[in-house]
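For the sequence shown, full-length UniProt numbering gives the first residue as 1, with consecutive numbering after it.
Some hints here could point you the wrong way.
Claimed, not checked - Pair ranges (Cβ atoms, derived):
{"id": "1", "residue 1": "T33", "residue 2": "V78", "range": "33 to 41 Å"}
{"id": "2", "residue 1": "T33", "residue 2": "F211", "range": "40 to 48 Å"}
{"id": "3", "residue 1": "I203", "residue 2": "F93", "range": "25 to 33 Å"}
Said to hold, decoys possible - The list that follows gives simulated cross-link-like pairs (lysine-lysine, BS3-like), each with its CA atoms no further than 30 Å apart:
{"id": "4", "residue 1": "K123", "residue 2": "K185"}
{"id": "5", "residue 1": "K34", "residue 2": "K184"}
{"id": "6", "residue 1": "K241", "residue 2": "K183"}
{"id": "7", "residue 1": "K183", "residue 2": "K123"}
{"id": "8", "residue 1": "K34", "residue 2": "K188"}
{"id": "9", "residue 1": "K241", "residue 2": "K188"}
{"id": "10", "residue 1": "K241", "residue 2": "K123"}
{"id": "11", "residue 1": "K241", "residue 2": "K34"}
{"id": "12", "residue 1": "K123", "residue 2": "K188"}
{"id": "13", "residue 1": "K185", "residue 2": "K34"}
{"id": "14", "residue 1": "K123", "residue 2": "K184"}
Keep in mind that the hints were calculated from the coordinates and are not lab data.
Backbone N, C-alpha and C fix where the C-beta goes; we use that ideal spot for every residue, glycine too.
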Amino acid sequence: MEHVGLALLFTLFAGLATGVGSLLAFFTKTTNTKFLSFALGLSAGVMIYVSMIEIFFKAKDALVSSFGDTEGYWITVVAFFGGMLVIGIIDRFIPTYSNPHEVKKVEDMKKPGNAINDPELMKMGMFTALAIAIHNFPEGIATFVSTLQDPSIGFAIAVAVAIHNIPEGIAVSVPIYYATGNKKKAFKYSFLSGLAEPIGAVIAFLVLMPFLSEALFGIIFAMVAGIMVFISLDELLPAAKRYDQTHLSIYGVIAGMAIMAISLIYLQ
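With the sequences and hints as input, model every part of the structure.
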């Protein structure tokens, strides 16, 4: 309970990174694809390592303590894949044309002959904002719950989520700016889509905290691990490869894993 304020702060930080992506689209001339490829790979490496090496086994320890060795391990595995199922179902119900992970570049803001007042582009931008908000909701819960258990893990997840929210902010801003020619409106919708992250955290706090036992914590933590692995494999790595140059994305993955491994050693 003593980390509630910190958990909310980390979640807010991660969510508002969509606004950073929007600002990059407005105030930079070109997309640094090398940086994005490496950074998205690094984000995936952090998420995969911390999920598989740290979060999964913390969940297993809690559930084994509550239910015994065999049953506790089974519940951990089921909850882990249950987390993947939840985020997979969310993905399934998002229209394909509003995929929030379609690569957009800041150069797209400066193309001559932008299609101002195009309702289809506005619709695309709005659906992209909605899709990102839906994705950010479970990510907010994951960041919040992880910080409650271990602030160092929560911080790592918050940074990883923030990195992958930057290109998502661009993905919202580009079509809305195309449609309206209004930077403020494009930024507003990008910013609002990121607020689903702290909203998810607040709902987690209000709904789950009164019932949070060691067993429930273990189930939630195992689901968080599954969600993070799914996001890494389904969203971060494909996006990193789209921006990729000279294998930078895989170097980022390895660097993210190494940074997380060393950090966990020193934080023991």
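* To do: Verify the proposed pairing of K123 with K184, using a straight-line Cα cut of 30 Å.
  => Holds: K123 and K184 sit about 17 Å apart, inside 30 Å.
* Keeping to a limit of 30 Å between CA atoms, is the pair of K185 and K34 held or broken? -> Status holds; Cα separation ~29 Å.
* Verify the proposed pairing of K241 with K34, using a straight-line Cα cut of 30 Å. => Holds: K241 and K34 sit about 11 Å apart, inside 30 Å.
* Between T33 and V78, does the beta-carbon spacing fit 33 to 41 Å? -> Since the Cβ atoms of T33 and V78 sit about 40 Å apart, the hinted range of 33 to 41 Å holds.
* Distance restraint between K241 and K183, which requires alpha-carbon spacing of 30 Å or less -> With a Cα-Cα distance of about 29 Å, the restraint between K241 and K183 holds, given a limit of 30 Å.
* Asked: Holds or violated: are the alpha carbons of K34 and K184 at most 30 Å from each other?
  -> holds (28 Å)
* Quick one, are K123 and K188 close enough, alpha carbons at most 30 Å? -> holds (15 Å)
* To do: May I ask you to test the hint 40 to 48 Å on the CB atoms belonging to T33 and F211?
  => For F211 against T33, whose Cβ atoms are near 45 Å apart, the range 40 to 48 Å holds.
* To do: Please work out if K241 and K188 have their alpha carbons no farther apart than 30 Å.
  => Holds: K241 and K188 sit about 29 Å apart, inside 30 Å.
* Holds or violated: K34 with K188, Cα cutoff 30 Å? -> Given pair K34, K188 holds - Cα atoms ~27 Å apart, limit 30 Å.
* Cβ separation of I203 and F93, checked against the hinted range 25 to 33 Å -> This hint is violated: roughly 19 Å between Cβ atoms.
* **Agreement of K123 and K185 with the hint, judged by alpha carbon distance not exceeding 30 Å** => Satisfied, since the Cα-Cα distance of roughly 14 Å is no more than 30 Å.
Of the hints listed earlier, the one the structure fails to meet is number 3.
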